[in-house]
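In order, the protein sequence lines correspond to chains A and B.
The first sequence maps to residues 0 to 329 in numbering that gives the first Met the number 0.
The second sequence maps to residues 0 to 329 in numbering that gives the first Met the number 0.
Don't read these hints as lab results, they were simulated from the structure.
Take the hints with a grain of salt, since some may be wrong.
Said to hold, decoys possible - Among the chain B residues that face chain A by a calculated CB cut under 7 Å, a handful are:
hint: 1; residue: 51
hint: 2; residue: 54
hint: 3; residue: 213
hint: 4; residue: 280
hint: 5; residue: 305
hint: 6; residue: 307
hint: 7; residue: 310
hint: 8; residue: 319
hint: 9; residue: 323
hint: 10; residue: 324
As the list claims (entries may be wrong) - Covered by chain B, per the in silico footprint, the following chain A stretches (three or more residues, Cβ under 8 Å):
hint: 11; stretch: 238-252
hint: 12; stretch: 293-307
hint: 13; stretch: 317-325
Note that the coordinates shown come from a computational prediction; the quantities given were computed from them, not determined experimentally.
Yeah, the Cβ is synthetic: ideal placement off N, Cα and C, and Gly gets one too.
There are 2 protein chains.
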Amino acid sequence: MADAPTADAVPVRRSRDVPLLVERARAGDPRAVARLITLVENGDEVLRDIAAALAPYAGQAQVVGLTGSPGVGKSTTTNELVRALRARGHRVGVLAVDPSSPFTGGAILGDRVRMQDHATDPGVYIRSMSSRGHLGGLAAATPQAVRVLEGAGCDVVLVETVGVGQAEVEVASLADTTLVLLAPGMGDAIQAVKAGILEIADVFVVNKADRDGADATYRDIQGMIALGERGPGDWRPQVVRSVAARGEGIDDIAAAIDKHRGWLVEHGELRRRQEARAAAEIEAIALGVLRDRMGSLRDGTELPSLAAKVAEGAIDPYAAADQLLEQLGS
Amino acid sequence: MADAPTADAVPVRRSRDVPLLVERARAGDPRAVARLITLVENGDEVLRDIAAALAPYAGQAQVVGLTGSPGVGKSTTTNELVRALRARGHRVGVLAVDPSSPFTGGAILGDRVRMQDHATDPGVYIRSMSSRGHLGGLAAATPQAVRVLEGAGCDVVLVETVGVGQAEVEVASLADTTLVLLAPGMGDAIQAVKAGILEIADVFVVNKADRDGADATYRDIQGMIALGERGPGDWRPQVVRSVAARGEGIDDIAAAIDKHRGWLVEHGELRRRQEARAAAEIEAIALGVLRDRMGSLRDGTELPSLAAKVAEGAIDPYAAADQLLEQLGS
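Same shape as in the complex, but just chain A:
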């Protein structure tokens, strides 16, 4: 059931086509799943109808975020993790999200090529996606795509993102469990603290653990975790070593995910995270709506003329923002 290239052949022109498409996705039709995700990521006008039709399936999959700097081996790890989850009998969805490229539109061929291993597995959906066109950006498009995969019966949805920074934070607000991948020689412990990843990781994976410096990276992370403040019952981030390119350590990653899931359920944290995620999603959509309204001002003459005044020192940007908001009727 991998992403079918002919998915766009399914015509969805009107709101009344949505229920049938959702029904087909529920029944496991990969073309319907792919089409729904395309509509969601393009911010199609039927977006709201799709969201309404999918609303009942919220929270049915475990959402696992997987992130880290370029070059740490995220795609390889995801690929192997899919294999391990399939071996445990899970239906798996993969969203390879690329928030770091507003210019290229995000989805490039690389990920799909590397995921060809699962192209013929009917229990796996794989999808590269970008946030182009979507009202609330990545923060709103991805939860909707997750919901499509939940509706299609996935037990686990892996969300892979590129980059260090804002992306992690968005993944953390999206996922039940957040994996942060590191590799030896990608920067020292101070850099990890600077990037704020210590606060969002539920599981650290030191990938490429056969390389020089892996022990030091492992120790640095363990040391930072030891320094973190947590109360009794709080989750202590796990640290796992892997060599994803050789399939080593993958079961340990899967076990750490299971362990975290158990903790989430036991402490009522799963529902709390789902609600926090919903709140972030609602805010992102609402801000997207407002940004869109602002966009129509940008295309007009108001914002450029205010910007020119600020650039020449005639007014300050706060006064300009007040004038812009007045135009917006806010």
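Fit chain B to the supplied structure of chain A, relying on the hints for placement.
Structure of chain B alone, referenced to chain A:
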């Protein structure tokens, strides 16, 4: 004139204190400069007064953005670049911005420790900053801090940011000239394309050029630049090699910055970028205002109750966002 630790001792309680503080910063008092940046980054209530007082000094410095993944040597390069710019007689401001850490508050000791070289140089201001508390986040706080440094007479302001992704885009919208630092072995050319950095870099710096793989990185970048579409007169990104830790290649970086500055002026692009920056700043402030209004809803009962409904599948997030915006009066 480096950042004085006693800066916070200058009391600024009311709007009427602002003109004196700005006057002292204009006269080169480092404590006044530091205090103004603190007020700006904390989103103090006198923010608007400061912005109004600084408005006339917009655009007086060359703003150079410097970014790249953790571990490529940004701080070391900035440090050496400051030395080179000082040797050319420039007054230099440095803002080490950390957008990637909303949790830690951003400013950690590392950067300042590494910048001790310039601590006693009266022609250099150095400042780590975070965007905590600021209405429009990093995108609005940093331009204001740049304006403080412009007001204090800096000819060049270096803005150093961590991370790959959204941060680059924000730096690009902020800077006249954007430097992207790379290091061998930090990921291949595809990763650079994925991160969208090709589109925003005016100058690429292959740092740690004495390491294995430096030639390959250099060739990959040159290859990607060769593939880029540009018309006659368009800027072709420069690629410079350096070993910042040994001070090698720094003059080449400074020369590339000068060359780009010449191109900006010659093509009327400098003003265009300043206006685009002002527009982005105005939008960020306006969105910040709206987000703040939303925040007061978040602290109330409306958003949590909507989020709970979405999490349990009772309504979809778009319908919830509509209800939220209604509350906002938008």
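Cross-check of the supplied hints:
no.	hint	result
1	51	5 Å, holds
2	54	4 Å, holds
3	213	15 Å, violated
4	280	5 Å, holds
5	305	6 Å, holds
6	307	6 Å, holds
7	310	4 Å, holds
8	319	5 Å, holds
9	323	5 Å, holds
10	324	5 Å, holds
11	238-252	violated (count 0)
12	293-307	holds (count 7)
13	317-325	holds (count 6)
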